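Number of protein chains: 2
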Amino acid sequence: MTNKEKILSQLLVAKGEPISGQKLADELSISRTMIWKHLKALEEEGYVIEAVKKKGYILISTPDIVSKERITTYLQTLQLGHNILYYPVCDSTQNIATEKARNGASHGTVIITEQQSAGRGRLERAWDSSANKGIWMSVVIRPEISPHMAPQFTLVSAVAITKAIEEMTDIVPEIKWPNDLLINGKKMTGILTELQADMDRVQSIIIGIGVNVNQELESFDQSIQSIATSLKIETGHEINRAALVAKILFYLEKYSTIYVEKGFEPIKLLWESYSCTIGKRVRATLLRETLEGIAIGITNDGVLQLRLDNGEIRGIYSADIHLT
Amino acid sequence: MTNKEKILSQLLVAKGEPISGQKLADELSISRTMIWKHLKALEEEGYVIEAVKKKGYILISTPDIVSKERITTYLQTLQLGHNILYYPVCDSTQNIATEKARNGASHGTVIITEQQSAGRGRLERAWDSSANKGIWMSVVIRPEISPHMAPQFTLVSAVAITKAIEEMTDIVPEIKWPNDLLINGKKMTGILTELQADMDRVQSIIIGIGVNVNQELESFDQSIQSIATSLKIETGHEINRAALVAKILFYLEKYSTIYVEKGFEPIKLLWESYSCTIGKRVRATLLRETLEGIAIGITNDGVLQLRLDNGEIRGIYSADIHLT
Numbered sequence: 001m002t003n004k005e006k007i008l009s010q011l012l013v014a015k016g017e018p019i020s021g022q023k024l025a026d027e028l029s030i031s032r033t034m035i036w037k038h039l040k041a042l043e044e045e046g047y048v049i050e051a052v053k054k055k056g057y058i059l060i061s062t063p064d065i066v067s068k069e070r071i072t073t074y075l076q077t078l079q080l081g082h083n084i085l086y087y088p089v090c091d092s093t094q095n096i097a098t099e100k101a102r103n104g105a106s107h108g109t110v111i112i113t114e115q116q117s118a119g120r121g122r123l124e125r126a127w128d129s130s131a132n133k134g135i136w137m138s139v140v141i142r143p144e145i146s147p148h149m150a151p152q153f154t155l156v157s158a159v160a161i162t163k164a165i166e167e168m169t170d171i172v173p174e175i176k177w178p179n180d181l182l183i184n185g186k187k188m189t190g191i192l193t194e195l196q197a198d199m200d201r202v203q204s205i206i207i208g209i210g211v212n213v214n215q216e217l218e219s220f221d222q223s224i225q226s227i228a229t230s231l232k233i234e235t236g237h238e239i240n241r242a243a244l245v246a247k248i249l250f251y252l253e254k255y256s257t258i259y260v261e262k263g264f265e266p267i268k269l270l271w272e273s274y275s276c277t278i279g280k281r282v283r284a285t286l287l288r289e290t291l292e293g294i295a296i297g298i299t300n301d302g303v304l305q306l307r308l309d310n311g312e313i314r315g316i317y318s319a320d321i322h323l324t
Numbered sequence: 001m002t003n004k005e006k007i008l009s010q011l012l013v014a015k016g017e018p019i020s021g022q023k024l025a026d027e028l029s030i031s032r033t034m035i036w037k038h039l040k041a042l043e044e045e046g047y048v049i050e051a052v053k054k055k056g057y058i059l060i061s062t063p064d065i066v067s068k069e070r071i072t073t074y075l076q077t078l079q080l081g082h083n084i085l086y087y088p089v090c091d092s093t094q095n096i097a098t099e100k101a102r103n104g105a106s107h108g109t110v111i112i113t114e115q116q117s118a119g120r121g122r123l124e125r126a127w128d129s130s131a132n133k134g135i136w137m138s139v140v141i142r143p144e145i146s147p148h149m150a151p152q153f154t155l156v157s158a159v160a161i162t163k164a165i166e167e168m169t170d171i172v173p174e175i176k177w178p179n180d181l182l183i184n185g186k187k188m189t190g191i192l193t194e195l196q197a198d199m200d201r202v203q204s205i206i207i208g209i210g211v212n213v214n215q216e217l218e219s220f221d222q223s224i225q226s227i228a229t230s231l232k233i234e235t236g237h238e239i240n241r242a243a244l245v246a247k248i249l250f251y252l253e254k255y256s257t258i259y260v261e262k263g264f265e266p267i268k269l270l271w272e273s274y275s276c277t278i279g280k281r282v283r284a285t286l287l288r289e290t291l292e293g294i295a296i297g298i299t300n301d302g303v304l305q306l307r308l309d310n311g312e313i314r315g316i317y318s319a320d321i322h323l324t
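Chains as they are written, first to last, in our numbering: chain X, 1 to 324; chain Z, 1 to 324.
Read the hints as simulated data drawn from the structure, not as lab findings.
Small disclaimer: the values here were computed from a predicted structure and weren't measured.
Incorrect hints may have been included.
[As the list claims (entries may be wrong)] Across the chosen pairs, the derived CB separations fall in these ranges:
(1) Z:Thr77 to X:Thr324: 41 to 49 Å
(2) Z:Gly185 to X:Arg102: 50 to 58 Å
(3) X:Arg102 to Z:Pro63: 45 to 53 Å
(4) X:Arg102 to Z:Gly263: 41 to 49 Å
(5) X:Gln115 to Z:Leu291: 46 to 54 Å
(6) Z:Glu144 to X:Ser223: 27 to 35 Å
(7) Z:Ser117 to X:Ser106: 35 to 43 Å
(8) Z:Leu269 to X:His82: 45 to 53 Å
(9) Z:Leu308 to X:Arg102: 57 to 65 Å
[As the list claims (entries may be wrong)] Covered stretches of chain X, as calculated for chain Z (at least 3 residues, CB under 8 Å):
(10) 47-60
(11) 83-93
[To be verified] Distance condition first, Cα-Cα at most 16 Å in a straight line; then the derived EDC-like pairs of lysine to aspartate or glutamate:
(12) X:Lys54 to X:Glu99
(13) X:Lys100 to Z:Glu99
(14) X:Lys268 to X:Glu144
(15) X:Lys53 to X:Glu99
(16) Z:Lys68 to Z:Glu5
(17) Z:Lys100 to X:Glu99
In this text, a Cβ means the ideal position worked out from N, Cα and C, and glycines have one as well.
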């Protein structure tokens, strides 16, 4: 943590009680002038800090931003999120992360923004990423694995985000294969996983995560109001986005490690427990055909198994799934 | 073809017979001054062209280069090699191709050079790419396939290069799984296949190809003279590199199309017919362990099947293979 982050962390922990400037200066072994400069910097980021005579500084309110400092306050990971690049606005965190990964960005690097001008989902579809209301981030990971193990990271990510949301809100989203998280049948999260690899090993996987957090229903475009939702709409209250980011990174690290070390089996069990696809009749729109049948499970390669009406079982690597 | 390429093509087809400048000008509907300018440009590239009074121009000799113009003369493909970027020297065609692919280089784009300063093979190993003696190129392809079909392109490429060399030299290289071509047990070709994909589809595959063509044994570093060879060493004569490039692109296009349209089965049969691995006892060095057994075949996913001494059959996605 930087000194600024340490000061913020102390103010947050104090929960409205004053902390003396001298105490902060002593603990960090820096001058009171430096403490004052860091507090000014925090105020410029939107923190409201009150100086109470002879008592010290009180944190009155925090801006609802997902800055490096705020996320770091909540971070409990060993590696993910230890390098956070925060952009107030950008075109697409996925584009920036791809560029950074090519130039050597370390394992666990996070690109996060308040607003994307060109957010994208699967199959080059646009993704609405309105300002200061959602989580729009991309995580660069560099697991030492063979490329055939990469596609499963979409499912690992889906489980991690579901678990994080469950812990933060008591709502349990459902996973629609392969990468949509739904609440009451409406989409609130999308995952876009991209891969750079040679035939021997993965160079980088970039996990793009979009979560609708604090939007009101009216903030969605009319055309998607019947199919989209946010955590605020479903829970009735605002969610601390920075804390949710830290929680997602925590479970993403945890489940990625389990997957790399123990294989897909434990993740598959979790995934199936959250899935709204398995056991259901679905229509799968593939690149070149459309299939209907019962989704009977996923394989250890993350492939959806579809039992067609003629009894044939087909493995689906990529498709749009509609519950019928 | 550009006008310069058309003129070169005519000179090559004439095989030492003179072609009149007026005839060239008429056929191309350009002035004789323009014809003369294109001939000068060709001379600057190393072509020796003689002007015979009242008869026309004779091509005396061609430089041994793999320029766009020379390759295009031999090209018989529908798409591959229709955009060739030629660099007299570069660091690595694979690096340039990766950059070009990210910026939208079209399907079939070829990056080719006379000499690489930082050629690389599998697992970041160095690859000796001496000047004007080999084929050092990278091909960008954009097949509309799901990423699980990508790893097989290493095997598709191995078959294509083997077939091209067989046709050009009457020597039949053997393929050592996954990506080495050998003659008399010595390596003369390496293939490095890299992938950019999301979980639904391949964005680009970059096939890096290094072929030792016209090196003498002494031109190899002493440390690899016992394990490396070139087509010249094996055949006793120089090979036309530009013609071989065109032949490789021809078979790469042919076999890629077969693979995408018909699946891996027909390619697998070809691959197995050229393989020196199948049926042999091998030692496989993996990322985390070493296995010994009989290589009994490859699956439709391109995975090597190894029967261990205890009878267990293991699928090998990535390894170094040594015949024992």
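request  = Hint by hint, work out which the structure violates, then give me just those numbers in ascending order.
outcome  = Of the numbered hints, 2, 3, 4, 7, 9, 10, 11, 12, 14 and 15 do not hold.
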